[in-house]
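Number of protein chains: 4
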Amino acid sequence: MSERISFACDYEKGAHPNILKRLVETNMEKTAGYGFDEISESARNRIRKACGRKDAIVEFLVGGTQTNAVMIDAMLKSYQGVIAAETGHISTHEAGAIEAGGHKVLTLPHRYGKISADAVEKYLEEYYHDVNHEHMVMPGMIYLSHPTEYGTLYSRDELQAFRKICDQYDVSLYVDGARLAYALSCPENDVTLRDLAEVCDAFYIGGTKCGAMFGEAVVVPDPGKMPHLFTIIKQHGALLAKGRLLGIQFDELFRDDLYMRIGEPAIEAAAVIRTALQKKGYRLFFESPTNQIFCIMENDALKKLGEKVEYGFWEKYDDQHTVIRFATDWGTTEEDTASLIAVL
Amino acid sequence: MSERISFACDYEKGAHPNILKRLVETNMEKTAGYGFDEISESARNRIRKACGRKDAIVEFLVGGTQTNAVMIDAMLKSYQGVIAAETGHISTHEAGAIEAGGHKVLTLPHRYGKISADAVEKYLEEYYHDVNHEHMVMPGMIYLSHPTEYGTLYSRDELQAFRKICDQYDVSLYVDGARLAYALSCPENDVTLRDLAEVCDAFYIGGTKCGAMFGEAVVVPDPGKMPHLFTIIKQHGALLAKGRLLGIQFDELFRDDLYMRIGEPAIEAAAVIRTALQKKGYRLFFESPTNQIFCIMENDALKKLGEKVEYGFWEKYDDQHTVIRFATDWGTTEEDTASLIAVL
Amino acid sequence: MSERISFACDYEKGAHPNILKRLVETNMEKTAGYGFDEISESARNRIRKACGRKDAIVEFLVGGTQTNAVMIDAMLKSYQGVIAAETGHISTHEAGAIEAGGHKVLTLPHRYGKISADAVEKYLEEYYHDVNHEHMVMPGMIYLSHPTEYGTLYSRDELQAFRKICDQYDVSLYVDGARLAYALSCPENDVTLRDLAEVCDAFYIGGTKCGAMFGEAVVVPDPGKMPHLFTIIKQHGALLAKGRLLGIQFDELFRDDLYMRIGEPAIEAAAVIRTALQKKGYRLFFESPTNQIFCIMENDALKKLGEKVEYGFWEKYDDQHTVIRFATDWGTTEEDTASLIAVL
Amino acid sequence: MSERISFACDYEKGAHPNILKRLVETNMEKTAGYGFDEISESARNRIRKACGRKDAIVEFLVGGTQTNAVMIDAMLKSYQGVIAAETGHISTHEAGAIEAGGHKVLTLPHRYGKISADAVEKYLEEYYHDVNHEHMVMPGMIYLSHPTEYGTLYSRDELQAFRKICDQYDVSLYVDGARLAYALSCPENDVTLRDLAEVCDAFYIGGTKCGAMFGEAVVVPDPGKMPHLFTIIKQHGALLAKGRLLGIQFDELFRDDLYMRIGEPAIEAAAVIRTALQKKGYRLFFESPTNQIFCIMENDALKKLGEKVEYGFWEKYDDQHTVIRFATDWGTTEEDTASLIAVL
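In order, the protein sequence lines correspond to chains A, B, C and D.
When the letters of the first sequence are read in order and numbered with the working numbering, they come out as residues 234 to 577.
When the letters of the second sequence are read in order and numbered with the working numbering, they come out as residues 234 to 577.
When the letters of the third sequence are read in order and numbered with the working numbering, they come out as residues 234 to 577.
When the letters of the fourth sequence are read in order and numbered with the working numbering, they come out as residues 234 to 577.
By construction, these hints were calculated from the structure, which means they are not laboratory data.
None of these values were measured; they are calculated from a predicted model.
One or more of the hints may lead you astray.
For chains that are exact copies, the list does not tell them apart, and a pair is met inside one copy or across any two.
[Unchecked claim] Below are the DSSO-like pairs computed for lysine-lysine, each with C-alpha atoms no more than 30 Å apart in a straight line: (1) K347 <-> K549; (2) K310 <-> K512; (3) K397 <-> K458; (4) K536 <-> K355; (5) K310 <-> K397; (6) K287 <-> K397; (7) K287 <-> K310; (8) K282 <-> K541; (9) K397 <-> K549; (10) K458 <-> K310.
Next up, chain A with everything else stripped away, as it sits in the complex (with noise of 0.2 Å):
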């Protein structure tokens, strides 16, 4: 509603067409709830197909740091701690949602986002090899995003790295996907569903920012390893009473695999933008692969910047100068882009 263009994130619009026309039409159905109807199977169904897994749980929760505290606190013994990133989603922004189910995030350094399994695995010995470890919280999980905070990426051979040292140390992989559409339109991605299903424990197919109103698909590779899903998601108040509204948005989203392409027009949109940007002189914080884009501006520049664009603040990064970030989304038109480019 406001003037100004906007880029500020990829959580603006509301969802794909598709999905709303299967709402309309469905609306006045009445239908099981909790998640036991069939439109909200046949998702599942199309999910499980995607990830080559027939037999996997596929669980449809409301939002990130929901999805991300209820299966925190499904995946972990009640003394046990979750690794990530220092900059990962549940260390910053979910408001203390892991503490508050009695788990400490357990912060290692990252790199644009990243953490390397290097790391992860010295942190791991240096914990076991501790002689007071026993005093300690026992890391029980890694948790990854993918694509990062930092829009970056993970690679297939990166993760099994972190796979070997779960095996080695028995802890669980989790992969956050808020953002997985935008991994899997990406050409500097080498990581599919069926990877991601091989390697974690447990990970998450991001709608919200994806294309859906609302909403995350779980998916537990090995249903064995976690007993109870519905009855912790019911208990985190996270289970939603038509369940179908979710089962129909990601119906609609893996119907013809549009999940898998729905991120193009935003990495598209960000790479043009990446190189106006540069063109016209701005630095790049980094060259960040997806739909995110992290750009230098001095502060004077950015005041008038901001009159006639919406970005999001990232970090200041010296007196004079600030990183903002330019997100853009799988509904980013050709005349957003150029709308932007014209004002820069």
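Given chain A, put chains B, C and D in place with the hints provided.
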């Protein structure tokens, strides 16, 4: 999708058509997240007006268990518990969400879902007279539902009696209004939104069962009473990224006072069904005034009925009989009702 | 220090003289912390031997509420609750410690502090037959106390009936033995430490009320069942730095089987007091076999008695009468008993 | 019991002889439980007097982790976290006890265990300037230890600077005094109990490491600030049944100001050891003023030393060197010190 007629519960359909229409119209608009958009503000203002409290805090959450868990956590100190009927939703069907937040539910016997102010007073009196009360959970608030889980109603006088005790013992009053629309449309009800805003420290206006796709609107009449509620909501994983989805639903539900009359079809249908049941010789469990009908059925007859109608199992009555529940809703049509009666 | 004779409770004195003697002797020795010292290991071995389980985990904690909170947390999954008598210590007088750990106490009606295996079986059966049970708290363990809060005893047969149900429904069995010494010294009791080690997943041997200054010894007969208990204890703030203080106490309590007979003076005194009360025309509330005596007193007589004797208030009986409790202990002398009887 | 000389930590011995004597003298007295006895009241009054606060709340708890968990829970709202040095005891060696209570530990970099008021101010400033701060954990208190885990000391000026920031940002100040006696006996220290009572919202006076068998005395200078602390203590399983055991210990520790000078032998011994180490060519890690000595040792020399002396492993320094800790205590004798120096 089932061939059977369903009166199993009141959250089997989608949403009121006005809501869907608005969702479609606004779909590609870009708005600020987390409820900071103009539509959400409009919805908040409509609710404030309906409650006669211009400065009330109004927050939109996704579901009932979530709302109860968030608000009880927000209203209690860490060492306090919440008084509720032993049949209260928080006591039975929230999978321990309140306890997961660290709080004990202090249950009292009910009469068709209701507790009395006298019983609560006695409880509080005995607590403070017990020499060991500092070793016990301190009661910090009262949880009521209106209508209750049995569809029964509190009167304005009854609510005021609770308020008096709350003031006397320094406990808070909270009303779960998951089915509030069915009270507001019910001739037996004398409690208005303004009354709730007067007697309660907080209450919620149910959307999920009352015409919304999903959503509950929390009202805190006195804004000074609940600082940092936004952060508490976020901490519980209960903050919807695209907050306007909730704003839209409540903006439509409170446009032209729709919410005050949206329950009428349900109340009328329930009355017709009750009369029909009695005419056909069925025994009602008790006279529930709102949109839920409780009926004592012979187990053999029930098996037959189940082939044609979906109903809710309530409880075992005796070895030969079962109490079942039919629920009507805002979208129940005369045809639906006629179909049900035809097979009874 | 009061001039009045006190039978108010069984934790008013210090410790058995052997314990004090050993404390004094070892005071300036330097030993490893946290129970890794040789005295603690000796105590653990004496307890293992008394329980007939060489490989049992034995951990020493400081108090009863703490032990219950730690062990219930260790035994339950995050989404499970604990079944207990509505009069169980965890249900009433632990200030919500179990709920603070995130777990609901699922209460059953009691008979003088006891619940029956039948009642638990019925509860579990109904839980699993309820179509909505996944929305409810999953029962994960049974909490019993032996003796109970009313001083009553379970028989070996009764405990074995609980075990059978536990195996059938995959729930754990835990016995709170805060007053276990008074059972072991009681002629009516047929439950040995070996029996407890056979039927329980975990239990604790009470020290605080049974001759120690403080301390409770947790026994986990099957060590594979409770990994990382040390860390759980630490996480609960329940790990004593100078662990040998607990080791010393239990090493003395289990030297020459002292614990098996330490309760005898209490049991004998209680029998004498019960007989005297009845002779003098007082009415016993019920026939409690161990070291607690429950007596129904006229309120006027009670006021007079209170000038000379400290007793425990138990509950209101009717408007004219009150149930009070006298508690004897390991250190009660014949003189103490005579003094009490003299003023009755 | 080991043949080796031990300087491994400062909680290896029992208690000051005065405490044992009093325990023996009072052993068979019957007193009220939970700290409601006269000895505990005497101890509370002595501490109140020493702190210059006649009306302070004084509560006795058993151990340090427990005390921190209870007090942080008592001081924070459910959505708040606690600011601490990354080396703070609550950050590292309490097995997640703070997170188990639902609170995040917000860590800042340290300098030999200390954080600065400036760093905290910057943290708070940045928190409130961040547009997303409502999605983050709200800082509600500051945790300091005095002496710190590295044996370093805050000055009175530094504490007052923290107080100023606390007032400015409405956060509370809490000091963990596990080793407080060693500060009070240290020439470099200028912080008195009265100073702590002036600047802190709460602090605790350590007993376990300072001459008691066990026990920590919590002081809340302004009693209005912490209602229902007793119930919070009970809820955490931290209430000692025979409260007088704690009362006795602190009554003795504060009789004739013993606590103010009980650390002197430790401080003197530490100074002697430091000088000896330097004379013998060892390198100190840094100049720690209190009862802990940190020394950088060659790994080969360390192995030899370990055959004769028990020391504390602190951290790896580099591939060839290790930082170790020697700890003296209230009971360290000149003979102990001489023995250590003889083998260095």
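Here is how each hint holds up against the structure:
no. : hint          : result
1   : K347 <-> K549 : both (20 Å within a copy, 26 Å between copies)
2   : K310 <-> K512 : neither (52 Å within a copy, 50 Å between copies)
3   : K397 <-> K458 : both (18 Å within a copy, 27 Å between copies)
4   : K536 <-> K355 : between (44 Å within a copy, 24 Å between copies)
5   : K310 <-> K397 : both (21 Å within a copy, 27 Å between copies)
6   : K287 <-> K397 : within (24 Å within a copy, 37 Å between copies)
7   : K287 <-> K310 : both (27 Å within a copy, 27 Å between copies)
8   : K282 <-> K541 : neither (44 Å within a copy, 35 Å between copies)
9   : K397 <-> K549 : between (37 Å within a copy, 26 Å between copies)
10  : K458 <-> K310 : both (13 Å within a copy, 14 Å between copies)
Consistency note: the structure conflicts with the earlier hints numbered 2, 8.
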